[in-house]
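Given the sequences, and given the hints that come with them, work out the whole structure.
Chain residues, written in single-letter form:
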Amino acid sequence: MTDPGDVEAECTALVRYLAGHPPSAYLIECYRRALPLAGSPAPSSVDGLLLRAARLGRWPARMADGYARFVRPTGDYRRRLTLALALLENAPDTHAVTNDAATGTPLGIGLAVVAGVASSLVAIGLGFLVFGPLHLAARLVPDRGAG
Amino acid sequence: MHLLIVGSGASGVHLAITALERGIRVTMIDAGFERPPATLPTASFDRLKTELADPVGYFLGLRGEGVVYPATKSSYYGHPPSKQYVFRTPARFAVEAHRMSPLFSFATGGLAEAWTAGSYEFSAADLREFPFPTGDLTAGYRAVAKRIGISGVRDDLAAFIPFEADYLPALPADRASNLLLDRYAARREALNRRWRFFLGRSRVATLSRPHGDRPACDQLGRCLWGCPTDAIYSPAVTLRECRAHSGFAYLPGWLVSHYDYNGEGRVTGLTATPVNGGEPRVFTADQYALAAGALTSSKIVLESIHRRTGVVERLPGLMDNRQIHLPFLLPAMIGQAVPRDSYQFHHLAFGVERPDPTEYIHGQITTLRAASVHPVVSSLPMDFRGAMAAFRGLRSGLALANINLHDRRRSTSTLSIRPRDSGPPALQLDYADDPAEPGQIDAAVRSTRRALGGLGALFPPGMTRVLPKGASVHYAGTLPMSRDRARLGARPDGRSWDFPNLTFADGATFPFLPAKNLTFTLMANAVRLGRALGED
Chain H
1 MTDPGDVEAE CTALVRYLAG HPPSAYLIEC YRRALPLAGS PAPSSVDGLL
51 LRAARLGRWP ARMADGYARF VRPTGDYRRR LTLALALLEN APDTHAVTND
101 AATGTPLGIG LAVVAGVASS LVAIGLGFLV FGPLHLAARL VPDRGAG
Chain X
1 MHLLIVGSGA SGVHLAITAL ERGIRVTMID AGFERPPATL PTASFDRLKT
51 ELADPVGYFL GLRGEGVVYP ATKSSYYGHP PSKQYVFRTP ARFAVEAHRM
101 SPLFSFATGG LAEAWTAGSY EFSAADLREF PFPTGDLTAG YRAVAKRIGI
151 SGVRDDLAAF IPFEADYLPA LPADRASNLL LDRYAARREA LNRRWRFFLG
201 RSRVATLSRP HGDRPACDQL GRCLWGCPTD AIYSPAVTLR ECRAHSGFAY
251 LPGWLVSHYD YNGEGRVTGL TATPVNGGEP RVFTADQYAL AAGALTSSKI
301 VLESIHRRTG VVERLPGLMD NRQIHLPFLL PAMIGQAVPR DSYQFHHLAF
351 GVERPDPTEY IHGQITTLRA ASVHPVVSSL PMDFRGAMAA FRGLRSGLAL
401 ANINLHDRRR STSTLSIRPR DSGPPALQLD YADDPAEPGQ IDAAVRSTRR
451 ALGGLGALFP PGMTRVLPKG ASVHYAGTLP MSRDRARLGA RPDGRSWDFP
501 NLTFADGATF PFLPAKNLTF TLMANAVRLG RALGED
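Residue numbers (our numbering), protein chains in the order written: chain H, 1 to 147; chain X, 1 to 536.
Don't read these hints as lab results, they were simulated from the structure.
One should not assume that every hint holds.
Sample of chain X residues facing chain H (criterion: CB under 8 Å; computed from the structure) [unchecked claim]:
(1) Pro-55
(2) Val-67
(3) Ala-71
(4) Ala-337
(5) Arg-340
(6) Ser-378
(7) Met-382
(8) Ala-389
(9) Ala-390
(10) Gly-393
(11) Leu-394
Keep in mind that this is a model prediction, so the values were computed, not measured.
We put the beta carbon where it would ideally sit given N, CA and C, even for glycine.
This is the structure we're talking about:
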């Protein structure tokens, strides 16, 4: 479970990753409120590893996300990202951008989608390269629960 | 005559108003958890997010309880916090369900407080096993449509879904729906012939014009969170009309546990306990009606019998519609603006004809305009950034086909009670899957995919969701109607074969459950029963 003092730092890291900017004070407070329900019912030490990595920057956060999507899809890290996205789509200053559909030519949008998928594949690949061995190493140590 | 009705859902309120129209005095006893007042009732979906002091609290709940977290094979949407009152259960109400995830409502208006307003008449084939002529329901459909306002058009679906009632004009269809309809018109014959697929407009209890004191749909986009104007019908509307009658008394805050009956089976009184605890009280009348929903009404019957005889009965034949969510993409819609301030529930319905007409497959198509982003994004096989980019780019073209399958009574799907040392007995549900169901699911998904594929839809792999049994909240079959006397069942007029002054007024009496949403038929049937009250 996240140290209360770290909630703001964690929320900031996740929102920067998802939206490219820091969260508002309102969003941080909403994150704090909802965090108790966001925890995975079956925490694992690798979730803590991924959450710590997310604080290192947007690309570490993305790589950790790519890895978690396939290895810990219902784990703490993915759950907290889900929460952060849910907050972004409902907060007054971010809901429109989060909810709006892209408008434009099919070609332009198609290229944007392909670019998004391609960068996702890169992130997933890098995520497995970096976190796979770390996860394996963590498995050799008795699990002490979520970090 | 004095009629005592248990429950304020779709069946109960239409039984009540019909009885009142005949001069019968009605008392309705109900748990009656109330709908909270509408928040900023004139604000649109987007305006709520900017004008509320705490929009996250409204849309997701104060503790984020409305967030749909990743889970394997879950649904693409959950019930929002503003609808949680619908599913709140009293502390003493215990359920033990096996192979089923039932939902209950003790709210004023019942489960229809959270419905999507689909209103479809049952056909002659659907009613084949019902012990009364099809035409007996037609008057009920007409009466209900006149009371509540149902919008729809006569189209290809009329071949399978009768169009006997008087309908308001259909709601304006969105762009994606119009695109599908135009393409269907161009390919109709091939789709009908090859896939037995038929497409048309949804019929919905949502007003396209003002109706009484209810306004037409304002396209606020808040449908999923609760219509603030009652343009989408809920039984609470009819309850208000009942309460305006001098012959009607509404008693909320009571949880009925059982009735007592004499040696001839005549009910002598109904026992209820205050929802928040307290001493039980007995309520008496000349005639009684259970309209608490198939599951709860059945529990009341079983508890009544157990209290008098010590016997725990088991009711076979529990039914529910299996639902399947089939997301798809319409590439032709990509790049177009998606107005969130618009009617959010389904604009289109479809049917797949089967060799046995009772196995007709029913579906509705919803385009995802104001639906939550995070459940879909978190389910895509990508990291969140990639998934968000993909979702944003493809969102205009995203849609969901919600497929319903029929169900039949089987002796292996049962409802019973388990007496406990303290407190009321627990309701026990054991649903046994039909061995034929996997094949039915495959056939339904295959037909729908191929037909919609013929209209330009693309289906991302791995995104079909078969919802758990119970998710449709279309429960039926535990106290079935029959022409011949049958223990723990109902006569064609809904009256119990065993308890002559007790009517079963909800879906418990349905001997078959077609794929079509059943709420309109529940209401029409309640009108039929109300008109028969007191006639032997």
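Against the structure, the hints come out as follows:
1. With a least beta-carbon distance of about 5 Å to chain H, the hint placing Pro-55/X at the interface is held under the 8 Å criterion.
2. With a cut of 8 Å, the hint placing Val-67/X at the interface with chain H holds, because the nearest CB-to-CB distance is about 5 Å.
3. Given the 8 Å rule on beta carbons, the hint for Ala-71/X holds: about 6 Å separates it from the nearest Cβ of chain H.
4. Proximity of Ala-337/X to chain H holds as hinted, the smallest CB-CB distance being about 5 Å (cut-off 8 Å).
5. The restraint placing Arg-340/X at the interface with chain H holds, with a minimum CB-CB distance near 7 Å, inside the 8 Å limit.
6. Nearest Cβ of chain H to the Cβ of Ser-378/X: about 5 Å, under the 8 Å cut. The hint holds.
7. Because the smallest distance between the Cβ of Met-382/X and any Cβ of chain H comes to about 4 Å, under 8 Å, the interface hint for this residue holds.
8. The criterion of a C-beta within 8 Å of any C-beta in chain H is met by Ala-389/X, whose closest approach is roughly 3 Å, and the hint holds.
9. Annotation: Ala-390/X was flagged as interfacial toward chain H, and the flag holds, the nearest CB pair being 5 Å apart, inside 8 Å.
10. A distance limit of 8 Å between C-beta atoms decides the matter here; for Gly-393/X the minimum to chain H is near 4 Å, and the interface restraint holds.
11. A cut of 8 Å between beta carbons decides the hint on Leu-394/X: the least distance to chain H is about 6 Å, and the hint holds.
When each numbered hint is compared with the structure, no violation occurs for any of them.
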